[in-house]
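Chain B: place on chain A using the hints.
Protein chains in written order, with the working numbering: chain A, 1 to 444; chain B, 1 to 444.
The hints are simulated quantities; they were obtained by calculation from the structure and are not laboratory data.
Source: prediction; values computed, not measured.
By construction, the Cβ of each residue, glycine as well, lies at the ideal position given by its N, Cα and C atoms.
Be aware that one or more of the hints could be misleading.
Stated by the list, open to error - From the derived model, a few chain B residues whose C-beta atoms are all more than 12 Å from chain A:
1. Glu17
2. Val25
3. Ile32
4. Asp178
5. Pro298
Claimed, not checked - Pairs of lysine-lysine residues, derived as DSBU-like cross-links and limited to a Cα-Cα distance of at most 35 Å, are as follows:
6. A:Lys351 / B:Lys327
7. B:Lys303 / B:Lys154
8. A:Lys351 / B:Lys150
9. A:Lys351 / B:Lys154
10. B:Lys303 / A:Lys351
11. B:Lys154 / B:Lys62
12. A:Lys327 / B:Lys327
13. A:Lys150 / B:Lys351
14. B:Lys351 / A:Lys327
15. B:Lys150 / B:Lys85
16. A:Lys303 / B:Lys327
What follows is the residue order along each chain.
Protein chains: 2
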Amino acid sequence: MEYPEPIRSKLSQLGIEIGDKIRLVREDGLIIEGILMPRPRGANFIVVKLRNGYNVGIAWDKVKEITLIEKKKRYEVAKAKGVPKREGLPTVKIIGTGGTIASKIDYETGAVKPAMSAEELVEDIPELLDVANIEAEQILEILSENMEPKYWEKIALAVHAELLRDEIAGVIVAHGTDTMAYTSSALAFAIQDLNKPVVFTGAQRSSDRPSSDAAFNLMASVVFATKANAAEVVVTMHGETGDTYAVVHRATRVRKFHSTRRDAFQSVCAEPLAYVWPWAYEVKMISEPLNRRSNIEPKVLPKFDPRVLQVKAYPGMPDLLEIALEKGYRGVIIEGTGMGHVPQRLVETIKRLTDAGVFVGVTTQCIHGTVNLNVYSTGREMLDAGAVPLEDMLAEVATVKLMWALGNYGNDLEKVREIMLKPIAGEIRNRRTINLYRLSYPEI
Amino acid sequence: MEYPEPIRSKLSQLGIEIGDKIRLVREDGLIIEGILMPRPRGANFIVVKLRNGYNVGIAWDKVKEITLIEKKKRYEVAKAKGVPKREGLPTVKIIGTGGTIASKIDYETGAVKPAMSAEELVEDIPELLDVANIEAEQILEILSENMEPKYWEKIALAVHAELLRDEIAGVIVAHGTDTMAYTSSALAFAIQDLNKPVVFTGAQRSSDRPSSDAAFNLMASVVFATKANAAEVVVTMHGETGDTYAVVHRATRVRKFHSTRRDAFQSVCAEPLAYVWPWAYEVKMISEPLNRRSNIEPKVLPKFDPRVLQVKAYPGMPDLLEIALEKGYRGVIIEGTGMGHVPQRLVETIKRLTDAGVFVGVTTQCIHGTVNLNVYSTGREMLDAGAVPLEDMLAEVATVKLMWALGNYGNDLEKVREIMLKPIAGEIRNRRTINLYRLSYPEI
Chain A
1 MEYPEPIRSK LSQLGIEIGD KIRLVREDGL IIEGILMPRP RGANFIVVKL RNGYNVGIAW
61 DKVKEITLIE KKKRYEVAKA KGVPKREGLP TVKIIGTGGT IASKIDYETG AVKPAMSAEE
121 LVEDIPELLD VANIEAEQIL EILSENMEPK YWEKIALAVH AELLRDEIAG VIVAHGTDTM
181 AYTSSALAFA IQDLNKPVVF TGAQRSSDRP SSDAAFNLMA SVVFATKANA AEVVVTMHGE
241 TGDTYAVVHR ATRVRKFHST RRDAFQSVCA EPLAYVWPWA YEVKMISEPL NRRSNIEPKV
301 LPKFDPRVLQ VKAYPGMPDL LEIALEKGYR GVIIEGTGMG HVPQRLVETI KRLTDAGVFV
361 GVTTQCIHGT VNLNVYSTGR EMLDAGAVPL EDMLAEVATV KLMWALGNYG NDLEKVREIM
421 LKPIAGEIRN RRTINLYRLS YPEI
Chain B
1 MEYPEPIRSK LSQLGIEIGD KIRLVREDGL IIEGILMPRP RGANFIVVKL RNGYNVGIAW
61 DKVKEITLIE KKKRYEVAKA KGVPKREGLP TVKIIGTGGT IASKIDYETG AVKPAMSAEE
121 LVEDIPELLD VANIEAEQIL EILSENMEPK YWEKIALAVH AELLRDEIAG VIVAHGTDTM
181 AYTSSALAFA IQDLNKPVVF TGAQRSSDRP SSDAAFNLMA SVVFATKANA AEVVVTMHGE
241 TGDTYAVVHR ATRVRKFHST RRDAFQSVCA EPLAYVWPWA YEVKMISEPL NRRSNIEPKV
301 LPKFDPRVLQ VKAYPGMPDL LEIALEKGYR GVIIEGTGMG HVPQRLVETI KRLTDAGVFV
361 GVTTQCIHGT VNLNVYSTGR EMLDAGAVPL EDMLAEVATV KLMWALGNYG NDLEKVREIM
421 LKPIAGEIRN RRTINLYRLS YPEI
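Excised from the complex, chain A in its bound form:
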């Protein structure tokens, strides 16, 4: 959006357009260098994106001096469709689904709405084009709390199609952070025999906010997608509160652990896969990834059956398991207490569920650690009733995996059970991971 008068005239007189690199001097002597951003609606200040990805706003009446440093690179995607690709650079596909990373503040209501296309996203971050030729496509436009299994299918098919193209080095999915870990694990199951990286990324603050992490995370994702010899589905987000490095997490081992912080995502019972310093174009692998493969064709099994009930046990809970019977659900994932327990009074419902052919899987609400139904008498009764302990699978991942198993193999319950217990995308860790638990308090 253009700036109002008199800002517009002044900029035009200096030959400055949105996207150009400029230098501002404020009346108190502060000097700011960065990319001129579109103005926020109705505000009388000028917004500059700093090198570190932060946006700052300067009140126009405090601006003493403004200079053009460098014209915007004119080979960017949105305005220059059909511009020839630059030789020697790999190509990355960005698939937009909505979410904060593609959002702007509605300055009338103050709320955030999805508003940017993937093309605009790229236009906002010209640095991306130093690393890769970027193709961008918007396939959904929703905030991620509204994500549904039917959209996972759509995303899986779109990503799969890109993976088949030889010229694509990697695929990035821009996604809201609320349910990013659910969708990333959905794709980890749906796309098999991966040949290239599929990188989910998002933002905790919308891209027109001063503290936006959109540019940083997208840049880190493009760097990982082009430089890493990894063929896995991952989540790449801020690694700490500053703008130093991003952390790459495996899709089935990651969880959003903070409602607002930029380093909200953490791996659970697993080391991160890698760290990325986006502005240095540097990737450091921490774990051994599955490598890129050119001799294999990825397959897609994109169906999800949403008739899975996820239920967390708590003292005084009603018999929520019964709802699966009442509503004709095909699977239940229990977030049990401790090693996976429910109140003993619910064991009888587990029996009725499994007798009716409903799969009942057990995880722990502790989040870290493995379930074990052999230690306590309640656990043994749950086993006798047909409950299936799902090792150290995260509850959210177990729910997604069960939707996927039922969607693709639902006619064969024995097969569904077999799949739920078989590691497919790192969701069950064969090695003991007890040492990967870290404490929230300082050790003394």
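The following block gives chain B in isolation, referenced to the frame of chain A:
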């Protein structure tokens, strides 16, 4: 339980009884000193509890030498009821409710069952009596997955009665770890104007297992209950995997984060209250506690209305909120995604719930961080529908608090709402706690 022949005869000949301190020399030269424990059923080895709380088992046919070091202290509780208290030592009341801390392995099935009385617990750990005169009482005998709000009332009344006794320095509740955080926060709300510490503790391994943490945690709790100038409800559990120190957490800020590790409990968005080195009788306060008070009489509000539905949002979820209407529930706690969202399609049910006088509170499944329904459009719609954002209250704590608010003020919905938003026992943190989030991966 006594040892079989020929172990029994040999022990008897040396004047050694269960509970005595002994020295064993194994044929390979290994020397072990500790307390002789009851034998595990059917096993042909001898079990010794080491100073650090661990039990070790030595095959009898490998024992080369066995010596008595010290007879068991004979002033312990269970065998010597009525023994005069020792002058100068404070008195601690231990209330047993069951759980692993009061459990032994059933060696026939291999499962763990609650089997020890609180008295037996104390008998097992004679060191407790070096620090305090111990009174012990068993009021429940359940594994904690079977904990129910009606039992919270029973525990609250029992604890409250002890707090009124001048001679009691502090009260300890031995509880299963699965739902300990639920019960401890229940007591934090139910007992007001606390005058002394109420310490919850438990064990991740039963006390007849080699790796049991029962002795360590109980000792740390007694040390805290006698030495700390704190009048709060807390959870005291292992601080790391070794046997160095225990960590004391505030009841409303703690969560079980690992299914099996001994350091499973962690404070969320809060520093721990204290560290305890049990064998050195040492307490180090980390946060500022509410202090002991002699001029105040604790009150108890022990009612809990269990008709509260706790629901976690996930993609593809059915309209679980409706169940609260169908079953006549009086409150709902939502574990929303991110800042507290549900899928937009559920907002209409929130409206129907609040129209029907059902309280709908919102927390985040991220666990860390504050909810905020003002940022995104879905959140604003939830607010318009009458949902109440509960700041940084943990979901489990919000559920317990709502049961308590409805139990004691349920006829006045306006009052319930007011109470839910008012910090009562540290469950809402007034200060910003964003810096208390710690990462599970090493910072680089």
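Hint by hint, here is what the structure shows:
Under the 12 Å C-beta cut-off, the non-interface status given to B:Glu17 relative to chain A holds; the minimum distance is some 30 Å. No beta-carbon of chain A comes within 12 Å of the beta-carbon of B:Val25; the shortest separation is about 33 Å. At roughly 26 Å, the least C-beta separation between B:Ile32 and chain A is larger than 12 Å, which holds for a residue marked as non-interface. Remark: the non-interface label on B:Asp178 conflicts with the geometry, its nearest Cβ contact in chain A lying 4 Å away (cut-off 12 Å).
Every CB of chain A lies more than 12 Å from the CB of B:Pro298, the least distance being 23 Å, so the non-interface label holds. In summary, the hint linking A:Lys351 to B:Lys327 is supported, as the alpha carbons are separated by about 22 Å, within the 35 Å threshold. A threshold of 35 Å between alpha carbons decides the hint, and for B:Lys303 with B:Lys154 the separation of about 10 Å falls inside it, so the pair holds. Taking the CA atoms of A:Lys351 and B:Lys150, the gap is near 26 Å; set against the 35 Å cutoff, the hint holds.
Straight-line distance between C-alpha atoms of A:Lys351 and B:Lys154 comes to about 31 Å, which keeps the hinted pair within the 35 Å bound. A threshold of 35 Å between alpha carbons decides the hint, and for B:Lys303 with A:Lys351 the separation of about 33 Å falls inside it, so the pair holds. Note on B:Lys154 and B:Lys62: the hinted pairing is violated, with a Cα-Cα distance of about 49 Å set against a maximum of 35 Å. This hinted pair checks out: A:Lys327 and B:Lys327 have alpha carbons roughly 15 Å apart, not beyond 35 Å.
Between the alpha carbons of A:Lys150 and B:Lys351 the distance comes to roughly 26 Å, so the proposed pair stays at or under 35 Å and holds. For the given pair, B:Lys351 sits about 22 Å from A:Lys327 by alpha-carbon distance, which is consistent with the 35 Å threshold. Taking the CA atoms of B:Lys150 and B:Lys85, the gap is near 34 Å; set against the 35 Å cutoff, the hint holds. For the given pair, A:Lys303 sits about 33 Å from B:Lys327 by alpha-carbon distance, which is consistent with the 35 Å threshold.
Hint check: violations occur at hints 4, 11; the rest are consistent with the structure.
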